[in-house]
Every structure is written in structure tokens, then in C-alpha cells.
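Novice: Sequence:
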Amino acid sequence: MAKQTILGRVTQLAKANVNALLDEAEDPRKLLDQLVREYTNNISEAEEAVAGTIGNLRLLEQDHGEDVAAAREWGEKALAASRKADELRSAGRSEEADTFDHLAKVALGRQLQSEKEAKTAEPTIASQTEVVEKLKTGLERMRAKLTELRSKRDELVARATSAHAQNRMMDAVKNIDVLDPTSEIGRFEDKVRREEAKAMGKQELAASSLDARFEQLDSLGDSAEVEARLAALKSA
Numbered sequence: 165m166a167k168q169t170i171l172g173r174v175t176q177l178a179k180a181n182v183n184a185l186l187d188e189a190e191d192p193r194k195l196l197d198q199l200v201r202e203y204t205n206n207i208s209e210a211e212e213a214v215a216g217t218i219g220n221l222r223l224l225e226q227d228h229g230e231d232v233a234a235a236r237e238w239g240e241k242a243l244a245a246s247r248k249a250d251e252l253r254s255a256g257r258s259e260e261a262d263t264f265d266h267l268a269k270v271a272l273g274r275q276l277q278s279e280k281e282a283k284t285a286e287p288t289i290a291s292q293t294e295v296v297e298k299l300k301t302g303l304e305r306m307r308a309k310l311t312e313l314r315s316k317r318d319e320l321v322a323r324a325t326s327a328h329a330q331n332r333m334m335d336a337v338k339n340i341d342v343l344d345p346t347s348e349i350g351r352f353e354d355k356v357r358r359e360e361a362k363a364m365g366k367q368e369l370a371a372s373s374l375d376a377r378f379e380q381l382d383s384l385g386d387s388a389e390v391e392a393r394l395a396a397l398k399s400a
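According to our numbering, the sequence shown is numbered sequentially starting from 165.
Note that these hints are calculated values from the structure, not bench results. Note that the structure is predicted; figures quoted are calculated from it, not measured. It is possible that part of the hints are untrue.
Claimed, not checked - Dumping the calculated PhoX-like pairs for lysine-lysine here, alpha-carbon to alpha-carbon at most 25 angstroms:
{"hint": "1", "residue 1": "355", "residue 2": "366"}
{"hint": "2", "residue 1": "309", "residue 2": "298"}
{"hint": "3", "residue 1": "280", "residue 2": "241"}
{"hint": "4", "residue 1": "194", "residue 2": "309"}
{"hint": "5", "residue 1": "283", "residue 2": "241"}
{"hint": "6", "residue 1": "269", "residue 2": "241"}
{"hint": "7", "residue 1": "194", "residue 2": "316"}
{"hint": "8", "residue 1": "298", "residue 2": "283"}
{"hint": "9", "residue 1": "280", "residue 2": "269"}
{"hint": "10", "residue 1": "269", "residue 2": "283"}
{"hint": "11", "residue 1": "269", "residue 2": "248"}
Work the whole structure out from these sequences, hints included.
Specialist: So this is what it looks like as C-alpha cells:
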């Protein structure tokens with residue numbers, strides 16, 4: 165995967181507007197689940213790609229360090245060979261001095277080559293370092309975005325669960341309305357009142373029958389009194 169492609173994907177995902185996506189979604193929970201899966205997969209792929217990019221950068225830095233160290237070592241060897249040549253030439257050993265001067269030149273040539281290689285690698289290392297920093301920043305934003313997505317999903321699930329529980333409770337309360345005269349309690353109360361009225365009617369009826377009997381008894385008493393008085397008149 166090309167570095168620019170990696171950087172582009174990381175940047176695009178990190179800048180995604182979750183709220184705008186949710187506003188346009190028919191099923192926000194399903195969208196959040198999908199986004200969490202996609203972000204998790206993309207982060208995993210991006211981490212692997214970024215790790216490869218960082219590995220390549222570290223190799224470049226290692227090679228650059230070796231070139232810098234080699235240039236320093238060849239410089240030290242050139243200096244030592246040059247000093248040895250001067251020492252031999254002072255002692256009148258010109259032929260040997262020329263040999264060490266030649267060695268100094270060879271060492272200087274190697275030093276120059278190592279310096280060029282190190283300098284050539286520096287712009288690449290600088291650009292790669294910039295890319296790696298951007299990739300690291302993008303990955304951190306993606307991880308933060310993934311945390312945000314998971315939080316929104318959990319919040320949405322909790323709200324949906326709470327709303328469902330509240331609706332069930334309200335339905336249950338609506339079905340048990342004690343103030344409704346057509347409810348079971350109202351009908352039971354009417355039945356009790358009718359039974360009470362029926363009992364009162366029976367009591368009233370019983371009382372009326374008893375009064376009639378006493379009136380009949382009084383009437384019989386009067387008739388007996390009349391007969392007795394009649395008999396007394398006849399016997400006088």
C-alpha cells in the first residue's frame with residue numbers, strides 16, 4: 165500500500181463527521197455498529213501499514229548513521245595515514261611516506277563517498293519522518309473517533325432500552341386506571357351497591373308485611389269487642 169494512500173485513508177477517516185452521518189441514517193444503531201466494525205478494521209490495517217513505513221524509516225536512519233560513522237572513521241584513518249607519511253618524510257623515507265599519503269587519499273575518497281551517501285539520504289529521511297508523524301497523528305485521531313463511536317453506540321442502546329422500559333410501564337399504568345368507572349373495580353363497586361339495595365328492599369318488604377299482620381290482629385280485636393258488647397246488650 166502506497167504511503168500517500170495510507171495517509172489519505174487515515175486522514176479521511178479521522179475527519180469523518182459522525183453526527184452528520186447519524187442525522188442521515190435510517191437506523192443509527194445499525195450505522196454505528198457498521199462504523200465501529202469499519203473503523204476497527206481500518207485501524208488494524210493502517211497500524212500494520214504505518215508500522216511498515218516506520219520500519220523503513222528506521223532502516224534509512226540506520227543506514228544514514230552507518231554512513232556518518234563510516235565518514236568519521238575514514239577521516240580518522242586519512243588523518244593517521246597523513247601524519248605517518250609526514251613522519252616518514254621527515255625521516256628521509258620518502259618512498260614509504262608516499263605510500264601512506266596514497267592510503268590517506270584512499271581513506272579521504274571513502275570518507276567523501278560516505279558523506280555523499282549520508283547527505284543523499286537526509287531529504288528522504290526528513291520527508292519520511294514527516295509522513296510518519298502525520299500517520300501517527302491520524303491513527304490517534306482514528307482511535308479517538310473509534311472511542312467516540314463506541315460511546316455513542318452504547319449511549320444509543322441505553323436510551324433505547326430505557327425508552328422501551330418506560331413505554332412498557334406507561335402501557336401497564338394505562339391498563340390499570342382505578343378512576344375509570346368502566347374498569348373492573350368500578351363494575352365490582354356497582355355490583356356491591358346493587359346487592360346492598362336489594363337487601364334494603366327485602367328489609368323494607370319484610371317490615372311492610374309485619375305491619376300488615378299487626379293491623380289485622382288489631383282488626384280482629386275490635387271485632388271481638390263489638391261482639392261482646394252486642395251480647396251484653398241482649399242480656400240486659
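Novice: Now, for every hint given, state plainly whether the structure supports it.
Specialist: Against the structure, the hints:
1. 355 with 366: Within the cut-off at roughly 17 angstroms; holds.
2. 309 with 298: Satisfied, since the Cα-Cα distance of roughly 16 angstroms is no more than 25 angstroms.
3. 280 with 241: Holds. Residue 280 to residue 241 sits at ~18 angstroms (cutoff 25 angstroms).
4. 194 with 309: Since the Cα atoms of residue 194 and residue 309 sit roughly 17 angstroms apart, the hinted pair holds (cutoff 25 angstroms).
5. 283 with 241: This hinted pair holds, its Cα atoms lying about 21 angstroms apart.
6. 269 with 241: Holds, at about 10 angstroms.
7. 194 with 316: holds (12 angstroms)
8. 298 with 283: Holds - the C-alpha atoms of residue 283 and residue 298 are around 24 angstroms apart, at most 25 angstroms.
9. 280 with 269: holds (16 angstroms)
10. 269 with 283: holds (21 angstroms)
11. 269 with 248: holds (13 angstroms)
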